[in-house]
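So the protein sequences, as listed, match chains V and D. Under the numbering used here, the residue at position 129 of the first sequence is numbered 127, and the numbers go up by one with no gaps. Under the numbering used here, the residue at position 17 of the second sequence is numbered 15, and the numbers go up by one with no gaps.
It is worth saying that the hints were derived from the structure and are not from the lab. Where hints are given, some of them may not hold.
Copies of one chain are not kept apart here, so a pair can be met inside one copy or by any two copies together.
Claimed, not checked - Quick list of in silico lysine-lysine cross-link-like pairs, DSSO-like style, CA-CA up to 27 Å:
#1 194 x 74
#2 246 x 74
#3 250 x 175
#4 187 x 235
#5 80 x 270
#6 187 x 37
#7 37 x 250
#8 175 x 325
There are 2 protein chains.
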Amino acid sequence: MIIALDAMGGDNAPEATVEGAVLAAIGSNHKIILVGPEKLISQELLKHHKRYNVTSLDIEIANATEVIGMDEHPAKAVRQKKDSSLSVAAKLVADGKADAFVSMGNTGAAMAAALFYLKRIDGVLRPAISTSFPTVNGTCIIADMGANVDCKPEHLFQFAIMANLFCKRVMGIVKPKVGLLSIGEEPTKGNELTLKAFDLIQKANLNFVGNIEGRDIPRGKVDVVICDGFIGNIVLKFGEGIAEMMLKLVKKGFKEHPISWASLPFLWFALKDLKKKVDYSEFGGAPLLGVDGVCLIGHGRSDAKAVKNAVFSAARAAEHDLTTEIKEAIAKYGI
Amino acid sequence: MIIALDAMGGDNAPEATVEGAVLAAIGSNHKIILVGPEKLISQELLKHHKRYNVTSLDIEIANATEVIGMDEHPAKAVRQKKDSSLSVAAKLVADGKADAFVSMGNTGAAMAAALFYLKRIDGVLRPAISTSFPTVNGTCIIADMGANVDCKPEHLFQFAIMANLFCKRVMGIVKPKVGLLSIGEEPTKGNELTLKAFDLIQKANLNFVGNIEGRDIPRGKVDVVICDGFIGNIVLKFGEGIAEMMLKLVKKGFKEHPISWASLPFLWFALKDLKKKVDYSEFGGAPLLGVDGVCLIGHGRSDAKAVKNAVFSAARAAEHDLTTEIKEAIAKYGI
């Protein structure tokens, strides 16, 4: 597969993106096109030459003179900066020169670029961003996580169809369990939106377990969590905030009770699995589902490992021709 | 103050409720009316006699022959079981024989009983349940947490007015910071509901800090979080689920790496503050705001300490005449 990587996207670009590309090229037979200012990127690549012999790797550079910042207005930036690393990466996919594009940059701008250059799949009402979240027994994906704040039941229905296929093809789960985020397990519990969405989703050919509650997400009750983007975004950020709070309170406890320091050398062993579990760099980016081409959006704080994993996810989505599968499923259900 | 306590409500009733009443009576000058089957309650009270000399305490029993179970249909149960401990407790307030009632039982039934016997305050569109949540620097309250799943902007506006007063009078915060739960801090971020609610809330005489994001809740950015009950319920249960997940993963880590056991004797010191922080029994119940009388609903798993704290919260709300304050504020803003 050929993956276009926005080399200038993210807080740690281009260092993390270029190193991520190197790691991805070493670990696979994918070709990586690094998109960004040619001189800067080749200099960055050279840093890894001694260690990895980068000239032997299947990495190309596509020149792009502009950069879209993390805080720029998404649609405006994409419209105005046609030669930005993000726009050029998206164009490579639109022109059939790459099979997927990956960006760790401005999420809204990545969405805008995908919509502008790749367009929506026919019949898809709203593309959705689907993010991974750690659970007790693995990982689940949540769709939507912020692309759509006011949803109709038909939108949630399509999110379920698309996220189910992503989970199957890219995460390799044979029959993903799909749940609708609500406030009680009974089909009669929910708000106007979820009650109607429930009826639609249960008619589709999915492994739909029905409504799930907030606590069922970390409990790993389902593989795919469906909700509108307003709730998805709040839930994800709230989760981050809680983990941060618990860490802060534990640190405070350690600071105030020096006797507890004696536990530290041994505590590490118990905590290393937890650390790995909640390490977003293992997840490899969030797909934008419903555009006509593969687009993966990574966390702005991504390090090289996260970039590599995002490239691998994008390659898997392209290999399994996820876009065609989504097209067929959307056409079949014909909403 | 005279507090009617549903002695039969909750998973640990009547043991926890009766012991909680004893602790509350010892620790204050409030009179507690234990509502439930007279014989059962007096037997339960006698268990504490040796230790606390209960006959000297200001505790009374009001007989009620029926009990509403945790899983009964709320409105139906309240309508049919007029002599249930919950209904009789609510009636005591309606008849002016108690200043507030407290139940650890079926949340929906407690709401139904409050609405049936106390009625809504004139002008209140929807009563809201407001729950406490731990933050890095203390506690915040979230309103609504599940009473209202489909809200209008005016509902959120009234939740803000009512929760602000509860926070002021019962939690003792002079100028509570009020935030609207959304997906970005800018006033232009949000869904249809929150965008309109933002405009209403900012016109009121509140210390309104504007939109907050999910992560701002545990960060303690505000004292009062406003959202519809669908999101409030999902967020609260999700928070429970995450704490549970982290605990499980840490336990698993300890189990798999016996060397980490060496940390345990010292670890306790660092964790005891965290434990206290997330201990719901400190919070003392969730007020039902907007009914014409004070009603506090506690966690079904409440122990005696949680019952005592709920009784104290109810007493504070009654002492400060929260109901009259809410009446005046609602009349003033006249929605």
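Cross-check of the supplied hints:
no. : hint      : in the structure
1   : 194 x 74  : between (35 Å within a copy, 25 Å between copies)
2   : 246 x 74  : neither (38 Å within a copy, 46 Å between copies)
3   : 250 x 175 : between (39 Å within a copy, 24 Å between copies)
4   : 187 x 235 : both (25 Å within a copy, 15 Å between copies)
5   : 80 x 270  : neither (44 Å within a copy, 55 Å between copies)
6   : 187 x 37  : neither (58 Å within a copy, 38 Å between copies)
7   : 37 x 250  : neither (46 Å within a copy, 49 Å between copies)
8   : 175 x 325 : within (21 Å within a copy, 48 Å between copies)
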